[in-house]
Each structure stands twice: as structure tokens, then as C-alpha cells.
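Since the structure of chain A is provided, determine the placement of chain B on it from the hints.
Chain by chain, the residues run as shown.
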Amino acid sequence: MVSKKYYFKGYRSILAYDSPAIALTCCFIAIGALFKNLGFNIQESIFSTVLTYALPGSLVMAESMLIGASLLNIFLAVWFVNARLYPMAVSLFPLMMHKSQPKWKYYFSCHFIAVSAWLIMKSNYKKIPKQHRIDYWIGIGSATVSVSVIGTFIGFSFSEYLNKDMMMGLAILNPVYFLCMMVGAAKTTQITLSVALGLILGPIIYLLSPEWSILLAGIIGGTVAYLLGEYNVS
Amino acid sequence: MSVNIVYAILVTSLATFLSRFLGAITSQGIKEKSKLFKWFNCLAYATLAALIARTIIFPAGILMDASYSSRLVVVLLSIFVFFIFKKNFVYPTIFSAICMTVITNYV
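Chain order of the listed sequences is A and B.
Per our numbering, residue 1 is the first one in the first sequence, and the count goes up by one each step.
Per our numbering, residue 1001 is the first one in the second sequence, and the count goes up by one each step.
Keep in mind the hints are simulated off the structure, nothing from the lab.
These numbers were taken from a predicted model, which means no experiment stands behind them.
Where is the CB? At the ideal position from N, CA and C, for every residue including glycine.
There could be a bad hint or two in this list.
Unchecked claim - To spell it out: a stretch of chain B is covered by chain A in this simulated footprint if at least three of its residues, at any positions, have a beta carbon under 8 Å from a beta carbon of chain A; those stretches are:
id : region
1  : 1007 to 1021
2  : 1049 to 1056
3  : 1059 to 1071
4  : 1079 to 1090
5  : 1094 to 1103
With the rest of the complex left out, here is chain A:
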């Protein structure tokens, strides 16, 4: 079963001074308000936040619904946008794998892969014994999902009071917070180069191929950063 000690240690990480709680809540307030404007009810809004738990994917779903896209189109559009979750999962799970832990924990907890939880885990995993990292991760994931649900509820309930300027303020929080976290995480040559190249290549490739820009920028930028980092070490 899940170790309560490490689960709650992970859960409490959302209360840390540098946690993403504020940014995450504000973003999901904006999403909750957007869902209400789209005609979702409160159950559907919370259902969507819990089941999807990925901001760009939720935004793409909302935009696709606005233009009357088919379910297949929504699936493909969301899959493209959220394909970034694949390398994020591959670069996180090996840090938590332990033979004493059952496989279901890994399959269940992959749902928590999202930028906020991923960055918290990446910053803290060294402080946790490897055997218990998966329980700590489930705690982090549960906390970030809880915060997202609260944000969605607030946004849905108070959408009439949120004017356009306030929504803009809420919307800029997320990229600024994650940009600061990425800059803060850039402590090695490879990570620094990966972040820098991703920031530069993302918008450039967007001009050529909007659908593929994030994936291509990630693959090209990440590979160049990896090779340069390895060359630097050798």
C-alpha cells in the first residue's frame, strides 16, 4: 500500500513557500470561468479538471468545441498538444522505480504527470529514499489535483465577477511561474541549454508548423543540448 508518511510529505509540498499552488489555482480559476462560458455545468467542469489535469489540453478542448470540431479532431489536437507528457514521464519514472513497489502505483500515478507536479518532484526527489519516491509522488499529484479542483470551482462560481483584465492577469501567471521554475532548475549545462534552445526554437518552429512546433523544438533543442553537454563532459 501507499506509505502514509511519504504520501503526506508529498501532499504538504504544495504548502512550501515556492510551491505552484498560487499559479495553479489562478490558472484553474481562469479555466473554470472558461468552462462556464462554454456551457459546462459544475460537475462537468470538475470532471474535466480531474480527468484531464493538463491546462493546454483543456484549452485545446475548449477551443475545438467552440469551432464545432469532431471528437476525432479533439482527440488528435489534444494528443499533439499533450505529447510533451511522454518525455516528461520517461524522464521521471526511472527516478521512482523500485522493485519493492507494485506496478499499479506507477500506472495509476502517471496521471499526475503535469508541469507543476513534475517540477516539484524533480526538485525534491533526492531528499526521498528511492523506495518511497512513488508514494511521495502520489502525494504531490493528489495535492496538485486538489488545488486544480478548488481553482476550477472558484472560477466557475465567480466567473461573472471576473472581467477581461483580471482574466488576462490570471492567464499570464502560469507561463511566468513555469518560466521562473525552469530558469531556477537550469543548474547543469545540459538543462540550461535545453531550456534556452526550447525557448528559442519553440516560437521559430511555430511559424513553420504550429501543430508540430512544441514537439519538434523539444526534440531538436533537447538533442542538441544533450550532445553538447556530453561533448562538454568528455
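Only chain B this time, still in chain A's reference frame:
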């Protein structure tokens, strides 16, 4: 609940879970110290950075209504605040929201 919205949510969840689940499955044979792991780590950071840059420069949703220059000014000032406050994440985050609201209203 209306059927269309529920189907859209289910399809979105499935599309999102697929990448996560495939990542969890394929990561099983990868060692923490391996070169493959390091490469995927670089891919993940570069992909996230690309997503953030795209969100700021080519945003979707409400941010589209803010001008390009206002978004860029807010982000640069927030990064400045981040370094001024010894890499604290909370101050630049709150600052960015206030700054964006002020700039769109008064500048």
C-alpha cells in the same frame, strides 16, 4: 450532463492519458544513470521551454487580446523580479498578474 460535453471530456482525457501511460510503460527498462535517460531529460526540459515560449509569444485564449509587447514586458520584468528576490517563485508570479492588469488598463 449533456452527452457531447461528456464525450469531449472523455476523449480529451484519453488523449492526455495515452502519452502519460506510454511514458510510464516505456520508462521501465531505462536506468537512472543511462544516456537514454539523460537524453529524455533534455527532451522534456526543451519541450516544456518551447511550450512556455509559445504560450507567451503565440498564446491561445484570453492572452491573445493582450499585445505582444505587453506580454513580453511583463515576462521580462517578472524574470527581473525573480532574480532580485533571490529566485523566489511567488513574488514574480504575483507581480506578473498585477503588472499585466496595470499595463492592459493604463499603458
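Comparing the hints with the structure gives:
no.: 1; hint: 1007 to 1021; verdict: holds (count 15)
no.: 2; hint: 1049 to 1056; verdict: holds (count 8)
no.: 3; hint: 1059 to 1071; verdict: holds (count 8)
no.: 4; hint: 1079 to 1090; verdict: holds (count 6)
no.: 5; hint: 1094 to 1103; verdict: holds (count 6)
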